[in-house]
Amino acid sequence: MDLNIFWFVTLGILLAGYAVLDGFDLGVGILHPLAKTDHEKRLFLNSIGPFWDGNEVWLVTFGGALFAAFPDAYATAFSGFYLPFMLLLCALIFRAVSIEFRSKHDSPIWRAAWDWSFFGASVLATFLFGVAVGNCLNGILVGADKEYAGTVLDLLNPYSIAIGILAVATFAMHGSIFLYLKLEGELKERVHRWIWHTFGCFIVCYILATIYTLVSVPRAIHNFENHPWLWGIVILNVLAIANIPRAVFLGRPGYAFFSSSLTLIAFTALFGAALFPNLITSNILPEYSLTIYNSASSEKTLNIMRIIAFCGMPFVISYTAIIYWVFRGKVKLGKFSY
Amino acid sequence: MSELLSTEILARLQFAITIMFHYLFPPLSIGLGLILVITEGIYLKTKNPIYEKITKFWVKIFAANFAMGVATGLVMEFQFGTNWATYSRFVGDIFGSALAAEGIFAFFLESGFLAILVFGWDRVTPKVHFFSTLMVCLGSMFSAVWIIIANAWMQTPAGYHIVGEGMHAKAIIDDFWAMVFNPSSMRMLLHAIIGCWLMGAFFVMSISAWYILKKKHLEVAKKSFTIGLVLAFISSIAAASSGHLLAERVAETQPAKMAAMEGHFITGTGGAPLYLFGIPNSEKQTVEYGIKIPGGLSFLLHWNFTTPVKGLDQFKSEDRPPVGITFQMYHIMVTLGMYMLFITSVSLILLKRKKLFESKLMMKIYCFSVIVPVIANQAGWIATETGRQPWIVYGLMRTPEGLSKSVKSNEILASIIMFTLIYILLFLVWVFVIHNKVKHGPDEIFPNKKRKFIEENNV
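Residue numbers (numbering that gives the first Met the number 0), protein chains in the order written: chain A, 0 to 337; chain B, 0 to 458.
No wet-lab data here; the hints were simulated from the structure.
Check each hint, because a few of them may be wrong.
[Unchecked claim] Subject to a maximum C-alpha distance of 30 Å in a straight line, what follows is the list of computed DSBU-like cross-link-like pairs (lysine-lysine):
(1) B/Lys59 x A/Lys35
(2) A/Lys331 x B/Lys353
(3) A/Lys103 x B/Lys363
(4) A/Lys103 x B/Lys215
(5) B/Lys353 x B/Lys363
[Claimed, not checked] Not close to chain B: a few residues of chain A, all C-beta gaps over 10 Å, as computed:
(6) Ile164
(7) Arg192
(8) His221
(9) Trp230
(10) Met304
We treat Cβ as the ideally placed atom computed from N, Cα and C, and that holds for glycine.
Produce the complete structure using the sequences and hints provided.
Here it is, written out as structure tokens:
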């Protein structure tokens, strides 16, 4: 495997890790208004309490790795998607401080304000992630100078908005399954019922978005013609999705969570398969697209970073495993909770 | 408006606002992290429950502060790409690997173990908890390591070659370790980390002094204060020494910055003076209203009073950094550093004579002195960054060349307004939350009850 492909795959792994892990945090945020009492709201928050911060690091590392491996793609995407990225940052800031500060003061107005901010920030961040993915699939106006030549409104095209809505539905489902895993008692039974709704929304959005993609982004299945094994991902994806209602019906939350995580991993893999070898597709001329070759750092840097990644990854995986092990089981409110 | 508020000014303003706001929080995290390691270490060694109480109290404040550092830090990482795209293309090959290493080695470490530090008291054994505290402290320092290496490379680039020309030029890495150990990285790192320790120590002393004045939580306050004071005293000496090392290196590698920091306009033939304060006037090429030590600068850099030091007249006018702000910020930092050394020395003597905590004046001084390391840290960085101007990467790329080409000035203006409003709100909330925590004070500890909990739960 050449270094450029290695880094394309590594970015995919980081993105998939982010989607699976922070996906449930954002999903809990999207579902947060469904919690009725203050006690329930705190249970929701504390279900993600020890994890959300570490989960967000996957995004930070994805950003750093994109900067390092494909600086031109990083520069074009971030300067081109200027205002959406600023809004995304704003959303992520509000999410972080809402979680941290909400329960630190005992006043209904204070708490209600942070509750809404937590919900709004989670929905907005998820939607914008979806819009970014949609624009990557759909292609944007990139000129010969590698600079974005469109406007903000070009980024909010119907296709990208559709993918944004799919993202919200997907994370809401993923979050509801996570809550099903972490809660107990009557609240758990209520969450169990919500899953059917979130799953229903998801499946409708998923089917519509798939049709939309096949009709309007023919490039998305271009790689599938040359590499038929990629259909294996599609089959995996469908099986994982089909397994979610089965596991929920059988009352096995861990199994359901595993299936929805696999769904997100398969989504990321399909996204990568549709893009390859482009990172940013130009709608002006295909030759202007930023690929994993023309936007990459030098071979030396890619190699150094591969060493860094190989040294660091075992640590990252072991910390993540330790944290999830220490905080396993049902969420309980204690003296140190949010 | 477009003339007055050019894209360059706005992009620089935005970077300044967001980085300065961000830099309020990580130094406190790094400093408090070290103090947590010390207090929990003492607890583990002595089993004295008062140190458990102390540690738990500072952990709560640490957590509230950490969230702000994370939230504002994300902005910094993305901002290189949004506002400084051409710069990002230029340095990506070099800068990127430092940033990626930071994510993999530092952020995962600190954010992972932070969960155990904050929420894990009842879930792990005391030793594992202490290990987590240690990892959070190390992680926060590692994150300083990589970002400062990247910044130091912008001051003194090393281990690279340039390919391409004009707007398509790129710096390509030749030698990773030469990049990591570039001439200024280790000295900058040392100086910056020590600045963070001062921040943590003065923060702890400020809150403790307030408790002592209010005669509340005296045992916690006095013990915390003493730890803070010792750390602050050692750090003040270390800050001065590391600052001297760094200044020597700046004089070698970035003489224009050194000259601007000291307001040294004319090289001359004899020794260069050292101004204690003054107002540099670039038009008249002189420092007005100043008090100077003749030959002082030569002495600091060359150990004699007569060797000439390169002045600003040795540089073309388009290569000179702005003198006024660089001079003042540098002098503010040095003055405040001296103040911290002085006040901590006096306090140590008073502590030995058992008069420190009885002195209302000293406690009041410490209440307010929390602002001193904040200003010193900020001023030091401003001097470093303005002193590098007009370059974004010293000698290789000028600041306006680094801007994003596809971003319009009104977009930057909109985001500046957005960030300013958000940051004001966040700052008020942060102060409110910290104030609440301080007012609430440390929680009582019930050692037996806790031990029972651990036994029951088989942790």
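Structure-based check of each hint:
no.	hint	result
1	B/Lys59 x A/Lys35	holds (27 Å)
2	A/Lys331 x B/Lys353	violated (46 Å)
3	A/Lys103 x B/Lys363	holds (28 Å)
4	A/Lys103 x B/Lys215	holds (21 Å)
5	B/Lys353 x B/Lys363	holds (17 Å)
6	Ile164	holds (24 Å)
7	Arg192	holds (29 Å)
8	His221	holds (27 Å)
9	Trp230	holds (33 Å)
10	Met304	violated (5 Å)
In terms of the numbered hints stated before, the structure departs from hints 2, 10, listed from lowest to highest.
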